[in-house]
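Protein chains in written order, with the working numbering: chain A, 1 to 356; chain B, 1 to 356.
Calculated directly from the structure, the hints in this document are not laboratory data.
Possibly wrong hints are sitting among the right ones.
When chains are identical, the list treats them as one kind, so a pair holds in a single copy or across two.
Claimed, not checked - No more than 20 Å apart at the CA atoms, straight line, and that leaves these computed lysine to any residue pairs for SDA-like: (1) K346 with D210; (2) K346 with G235; (3) K6 with I165; (4) K148 with Q112; (5) K79 with N162; (6) K128 with S265; (7) K169 with L334; (8) K148 with L125; (9) K128 with D149; (10) K107 with E97; (11) K319 with S213.
There are 2 protein chains.
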Amino acid sequence: MWHETKTQSLLNIEYPIIQAGMAGGATTPELVAEVSNSGGLGTLGAGYMAPEQIRSAIQAIKALTDAPFAVNLFIPSPKYSKGEEQSYIETGLKLTERYRQNFNLEKPQVHQVEEDFDEQLNVILEEKVPCFSFTFGLPSADAIQKLKDRAITTLGTATTVNEAIELEKAGIDIVVAQGSEAGGHRGTFLAPSMEQAMIGTMALVPQIVDHVSVPVIASGGIMDGRGVAAALMLGASGVQMGTAFLTCQESGAQDVHKQKILHSSEADTILTKAFSGKEARGIANPFMEEMAEHHDAIPPYPIQNAVTKDIRKASGQQKNPDYMSLWAGQGTRLSEAMTAKELFDKLIEETGALFR
Amino acid sequence: MWHETKTQSLLNIEYPIIQAGMAGGATTPELVAEVSNSGGLGTLGAGYMAPEQIRSAIQAIKALTDAPFAVNLFIPSPKYSKGEEQSYIETGLKLTERYRQNFNLEKPQVHQVEEDFDEQLNVILEEKVPCFSFTFGLPSADAIQKLKDRAITTLGTATTVNEAIELEKAGIDIVVAQGSEAGGHRGTFLAPSMEQAMIGTMALVPQIVDHVSVPVIASGGIMDGRGVAAALMLGASGVQMGTAFLTCQESGAQDVHKQKILHSSEADTILTKAFSGKEARGIANPFMEEMAEHHDAIPPYPIQNAVTKDIRKASGQQKNPDYMSLWAGQGTRLSEAMTAKELFDKLIEETGALFR
């Protein structure tokens with residue numbers, strides 16, 4: 001009933017199932033390689049990684065698989081002047097001071113708030129990574145040309161139809177439609193407001209499919225074979241799944257994070273910009289709830305992200321889920337603890353007939 | 001590939017496609033009957049209708065079809081004391097005074113803020129309506145028993161898994177899972193917050209399916225055959241569609257409302273409680289945007305609904321979309337102007353193979 005889609009051929013993979021490039025340590029080389037070895041596309045979430053860390057991780061992945069994989073980066077934010085940045089950092093440190101006191105942390109020196117995108121991208125170009133995915137906007141025309149010159153397949157994130165149209169116009173090969181169910185950061189870069197860019201996957205996918213001619217990958221709330229099959233019915237050429245892979249054994253997510261996901265319900269997540277300054281979906285905890293009172297004062301991404309780093313780290317070290325980011329989508333009741341291969345095999349068992 | 005589902009047999013219909021019971025005049029007897037005559041289930045949205053209006057509409061539907069249909073009611077809100085109600089009415093009138101001035105409207109006497117549910121239900125029982133659907137909560141055990149005694153099939157709205165579980169426990173025959181994409185009022189009645197009950201259809205449906213044994217109908221963002229097929233893949237036994245039927249010729253929605261839907265994008269809707277005091281999704285307009293500043297002061301449903309009635313009516317009479325409720329889901333780019341029969345036939349043409 002199903003034939004090889006353009007996506008499978010573009011990505012040179014057997015099944016159009018992509019493990020999302022979640023930044024922050026979850027996407028270990030083991031996880032990425034296991035997904036790619038299973039016939040899907042593993043993705044290194046390298047948004048927060050320094051260039052040489054990215055290189056090491058890519059080499060580790062290559063040692064574990066000959067199959068295609070992707071690296072995901074964040075499109076850089078508008079730059080602030082040194083003065084603005086310093087003022088934002090001070091505001092952020094003040095808003096979060098009480099948490100530092102609780103964890104006996106000294107006031108940190110916040111130097112670098114964001115990795116250099118061009119240097120990160122250079123590693124991807126040099127290492128000839130097969131696929132490059134990104135979120136929070138569009139790479140420059142120059143960057144896109146360099147990727148094309150090396151025949152690297154590009155995947156961009158869209159949360160609205162207009163964003164998808166812009167990705168196609170810029171020459172991006174594949175659009176990842178991120179529905180409102182998705183965990184972690186919203187990829188939104190053009191919408192009039194965040195609320196208006198919270199389009200459910202069921203509504204978003206067919207509308208994007210109707211407005212671009214490149215393949216569309218569905219993401220947001222897809223956790224099992226039912227979601228994969230539904231996405232294909234909506235006209236998607238494949239799926240991207242994050243939360244489902246986050247609880248896998250090979251995932252580098254902290255155990256306290258995995259446990260929270262495994263024991264959460266669909267109604268436990270909310271959007272927050274408390275951790276990074278950019279809206280993201282995670283399981284509600286005291287840090288998110290308390291910081292919500294200061295919503296309008298929270299510094300923008302990536303400054304708030306740099307500011308909260310020590311608190312998130314301390315919370316994680318103490319296995320305390322209350323002050324760390326617990327990114328998760330709305331499908332949490334469907335999450336399971338298993339290996340990535342077991343999850344992948346289960347997905348194919350449930351939906352394999354659709355791919356042949 | 002597909003067999004008659006329990007829903008089709010419970011509802012005694014050919015195709016498990018339900019036209020949503022949208023209150024406010026859209027669900028004319030002609031629309032309801034046309035959907036039922038096509039093999040689906042038409043629904044009269046009677047939430048705001050007086051008992052004798054409901055009776056007339058039911059009789060008009062019966063004159064147009066011998067097929068099963070449903071009537072939808074609102075579960076009543078908690079009652080306020082006369083003093084509280086008067087104070088809420090005054091607040092509401094004050095917040096909306098400027099709009100009344102614009103339309104040259106006199107300050108209205110707000111008497112009855114809600115129709116009597118028991119009297120509305122009595123008409124349904126007396127008229128032996130085949131199916132009864134409801135939203136905003138659960139009918140009393142006594143009301144459910146009366147419906148069962150008359151073999152009336154019941155459909156209740158759930159926006160979370162816990163709400164679905166409560167519906168099943170109360171003996172309701174079918175759960176309508178209302179995803180966050182849906183237009184109009186949220187059916188939420190148990191969630192910790194509205195935000196936490198905004199679960200996308202893709203995530204909501206399979207999680208509800210896993211936690212109840214009654215049939216589940218998917219709603220929210222379903223506009224065409226792709227959505228119908230996707231819903232079935234998620235484990236739903238059928239679908240409920242509102243926005244798609246709102247722009248049909250037989251729909252009683254005002255022409256200015258239909259035109260706004262037909263020319264809107266997926267990112268044009270937001271949640272508001274400006275019109276009724278209860279959160280609902282509609283196309284953003286000046287009334288919603290201006291009233292958002294007073295969000296916390298807006299009186300609760302049904303008081304605000306009674307308070308804004310004259311303004312909505314005046315706006316509609318002037319074909320001015322700025323001060324009337326433009327309820328719509330997130331699938332607006334997929335809406336089309338056609339007859340209900342044409343829409344229904346198109347849905348069956350696109351998905352018919354799944355139903356046989």
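Okay, the hints, checked on the actual structure:
{"no.": "1", "hint": "K346 with D210", "result": "between (30 Å within a copy, 17 Å between copies)"}
{"no.": "2", "hint": "K346 with G235", "result": "between (22 Å within a copy, 17 Å between copies)"}
{"no.": "3", "hint": "K6 with I165", "result": "within (18 Å within a copy, 41 Å between copies)"}
{"no.": "4", "hint": "K148 with Q112", "result": "neither (30 Å within a copy, 67 Å between copies)"}
{"no.": "5", "hint": "K79 with N162", "result": "neither (24 Å within a copy, 45 Å between copies)"}
{"no.": "6", "hint": "K128 with S265", "result": "neither (40 Å within a copy, 39 Å between copies)"}
{"no.": "7", "hint": "K169 with L334", "result": "neither (36 Å within a copy, 22 Å between copies)"}
{"no.": "8", "hint": "K148 with L125", "result": "within (10 Å within a copy, 67 Å between copies)"}
{"no.": "9", "hint": "K128 with D149", "result": "within (11 Å within a copy, 70 Å between copies)"}
{"no.": "10", "hint": "K107 with E97", "result": "within (8 Å within a copy, 51 Å between copies)"}
{"no.": "11", "hint": "K319 with S213", "result": "neither (46 Å within a copy, 37 Å between copies)"}
In summary, the numbered hints that this structure violates are 4, 5, 6, 7 and 11.
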